[in-house]
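Asker: Spelled out, the chains give:
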Amino acid sequence: MSALRTTNEANTASKVIKPSGTKPPSRTNAATGKSTSSQFAALADIWLPRLVLSPTIIASLIFVYGFIALTAYLSLTESRMMPNYEFAGFSQYAALFEIDRWWVAAANLGIFGGLFILFCLITGLLMAVLLDQKIRAEGALRAIYLYPMALSFIVTGAAWKWILNPGLGLEKLMHDWGYKNFSFDWLVDSDMAIYTVVIAGVWQSSGFVMALFLAGLRGVDDSIIKAAMVDGASLPTIYRRIVIPSLRPVFFSVLLVLAHIAIKSFDLVMALTAGGPGTSSDVPAIFMYQFSFTRGQLGLGAASAMMMLATVLAVLVPLMYMETKGAAHGR
Amino acid sequence: MAANQTSPTSPQFSTGLSLGRVLIYVLLILCALYYLAPLYVMLTTSVKSLDEIRSGNLLSIPLNPSTYAWSKAWGTACTGVTCEGLAPYFWNSVKMAVPAVIISSLIGSVNGYVLAHWKFRGSHIVFTALMVGCFIPFQVVILPMARVLGMLNLANTTSGLILVHIIYGMAFTTLFFRNYYVSVPEELVNAARIDGAGFFMIYRRIIFPLSLPIFMVCFIWQFTQIWNDFLFGVVFGGSDAQPVTVALNNLVNTSTGVTEYNVNMASAIIAALPTLGLYLVAGKYFVRGLTAGAVKG
Numbered sequence: 045m046s047a048l049r050t051t052n053e054a055n056t057a058s059k060v061i062k063p064s065g066t067k068p069p070s071r072t073n074a075a076t077g078k079s080t081s082s083q084f085a086a087l088a089d090i091w092l093p094r095l096v097l098s099p100t101i102i103a104s105l106i107f108v109y110g111f112i113a114l115t116a117y118l119s120l121t122e123s124r125m126m127p128n129y130e131f132a133g134f135s136q137y138a139a140l141f142e143i144d145r146w147w148v149a150a151a152n153l154g155i156f157g158g159l160f161i162l163f164c165l166i167t168g169l170l171m172a173v174l175l176d177q178k179i180r181a182e183g184a185l186r187a188i189y190l191y192p193m194a195l196s197f198i199v200t201g202a203a204w205k206w207i208l209n210p211g212l213g214l215e216k217l218m219h220d221w222g223y224k225n226f227s228f229d230w231l232v233d234s235d236m237a238i239y240t241v242v243i244a245g246v247w248q249s250s251g252f253v254m255a256l257f258l259a260g261l262r263g264v265d266d267s268i269i270k271a272a273m274v275d276g277a278s279l280p281t282i283y284r285r286i287v288i289p290s291l292r293p294v295f296f297s298v299l300l301v302l303a304h305i306a307i308k309s310f311d312l313v314m315a316l317t318a319g320g321p322g323t324s325s326d327v328p329a330i331f332m333y334q335f336s337f338t339r340g341q342l343g344l345g346a347a348s349a350m351m352m353l354a355t356v357l358a359v360l361v362p363l364m365y366m367e368t369k370g371a372a373h374g375r
Numbered sequence: 003m004a005a006n007q008t009s010p011t012s013p014q015f016s017t018g019l020s021l022g023r024v025l026i027y028v029l030l031i032l033c034a035l036y037y038l039a040p041l042y043v044m045l046t047t048s049v050k051s052l053d054e055i056r057s058g059n060l061l062s063i064p065l066n067p068s069t070y071a072w073s074k075a076w077g078t079a080c081t082g083v084t085c086e087g088l089a090p091y092f093w094n095s096v097k098m099a100v101p102a103v104i105i106s107s108l109i110g111s112v113n114g115y116v117l118a119h120w121k122f123r124g125s126h127i128v129f130t131a132l133m134v135g136c137f138i139p140f141q142v143v144i145l146p147m148a149r150v151l152g153m154l155n156l157a158n159t160t161s162g163l164i165l166v167h168i169i170y171g172m173a174f175t176t177l178f179f180r181n182y183y184v185s186v187p188e189e190l191v192n193a194a195r196i197d198g199a200g201f202f203m204i205y206r207r208i209i210f211p212l213s214l215p216i217f218m219v220c221f222i223w224q225f226t227q228i229w230n231d232f233l234f235g236v237v238f239g240g241s242d243a244q245p246v247t248v249a250l251n252n253l254v255n256t257s258t259g260v261t262e263y264n265v266n267m268a269s270a271i272i273a274a275l276p277t278l279g280l281y282l283v284a285g286k287y288f289v290r291g292l293t294a295g296a297v298k299g
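Top line first, the protein sequences correspond to chains A and B. The opening position of the first sequence corresponds to residue 45 in my numbering, with each subsequent residue numbered one higher. The opening position of the second sequence corresponds to residue 3 in my numbering, with each subsequent residue numbered one higher.
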């Protein structure tokens, strides 16, 4: 898919460039340049690029790598309300693993992440395959499936909090339609609250998965499909055996992005359930926020943040490795 | 994005009206209704009165539409302790997002230019190292960042939030521009170099004029990210610089008094309007940003 995009853009690029190509923009410069100044220019061309990039490199070293190191160090201290820079070993991690709420949050992340990724993949792929069948008004349908992605998770959470509201929302609608015994109170049921986060999350992100898969489907080599059709393969078989397996790289990208969204999910849970009822729909991101900023447990907050980073790495590194390996083998 | 094309690559199917095709359309329309339903519910709820909300249901059509909830959401609704509506927070978000989007895009453009056409020893490592910034969960940097903003006297200010968004947006903007500029022919840049054009001359005369499409993608992506951000806003925004997402969350999750669902929904739409409007106007670039952000070069 990225290859397709690149050729598109290269085409537009070359179209625009042509007129200026006939008149090199630098002629005046070359004509007036003396030997000393051209030496200077050559030197400048070596150092200017590095100079231009250096603020970003420095900022990245400090604000990404340096800050991760600082958080890591903070997680090894006894910091509470204020940072305390005395080294204390792994006591914060030991304390973290003793807290039931942490394990509730971790388990919720597992439930939410797993179901969120699964349902997004299924609905996204299904919609992409359906949309790939030369559909009228494809553009409009695509736009409808994708618009939730423009909304913030806070807005999504607020909307679904109202829809899933027991007593007034969906439940009342079903009662009005004659299903008097219908009951849907997951939002306030501590066993089920985390599943409402899945519902809202899938609504928000599955259109995006559809867009990625659709772009991938459009990049599948047509000649292979035609050959299979000549051999008499049915359409579902062609999709199952040829088209979908060739989407392997898209699957990796989708997994990468969805896993990332799931692990850092904070706003959606805050808006929808605020981690409640009680702490039943807590996730590590909320745990980290509350222990660091409302409970004055900086060390514990830092330790939980490091655990989140470890989770991201545990998911991303194997995925990236597999993807680059797949690329090296020519896919 | 490739999906915009008429797609000569997708297999040829019969376009007649068979049972299968009817089924496909039914499924697609059901999906569309599922995605549209919350928007319909938000819009209709926001113009109903509380009585009408209690007597009707989610899908019932508003009988006496009124803009009461909208004006309350904008001007007088209570977000936590203050009751000035969403307006001040909406402007906070504007003041934060506009400069942050412009500055981070410009930095990304120059960075991308260097990484695509002025490669030096180790520039590949620099690029990879920068890209890590796209992946880290921000929880792992907020504690030191809070400390640094405090030391710079930027805690709880819009300037502080702008700085944070520029820093953590650079990885993505650099990625966008680098991937785009790689497709600008190397020969073009080299020819200009032989003619004696320097680093900035080539950027100004060749690269920058070609950059409008990618600037659009980058602006929209960054604007959506920054406008919709909640974590940085709630941690670094304090009470004065709070962005609209934080105010909306406070409003929706206020537990005192009667919950005014119509005001909540009007507020949610107000908070969503800028990004939603951008999506409607420039959806093509939005999708391109999403896919470019998802597929790493």
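Keep in mind that the hints were calculated from the coordinates and are not lab data. One should not assume that every hint holds.
What the hints assert, rightly or not - Here are the simulated SDA-like cross-link-like pairs (lysine to any residue), alpha carbons at most 25 Å apart as the crow flies:
id	chain 1	residue 1	chain 2	residue 2
1	B	K286	B	V184
2	A	K369	B	K286
3	B	K121	A	F84
Stated by the list, open to error - Covered by chain A, per the in silico footprint, the following chain B stretches (three or more residues, Cβ under 8 Å):
id	region
4	20-33
5	46-57
6	79-88
7	99-109
8	197-209
Note that CB positions come from ideal geometry on N, CA and C, so glycine has one too.
Asker: If a hint holds in the structure, say so; if it doesn't, say that too.
Answerer: Status of each hint after checking the structure:
no. : hint                : verdict
1   : K286(B) <-> V184(B) : 21 Å, holds
2   : K369(A) <-> K286(B) : 32 Å, violated
3   : K121(B) <-> F84(A)  : 19 Å, holds
4   : 20-33               : holds (count 6)
5   : 46-57               : holds (count 3)
6   : 79-88               : violated (count 0)
7   : 99-109              : violated (count 1)
8   : 197-209             : holds (count 10)
Consistency with the previously given hints fails for numbers 2, 6, 7, ordered from lowest to highest.
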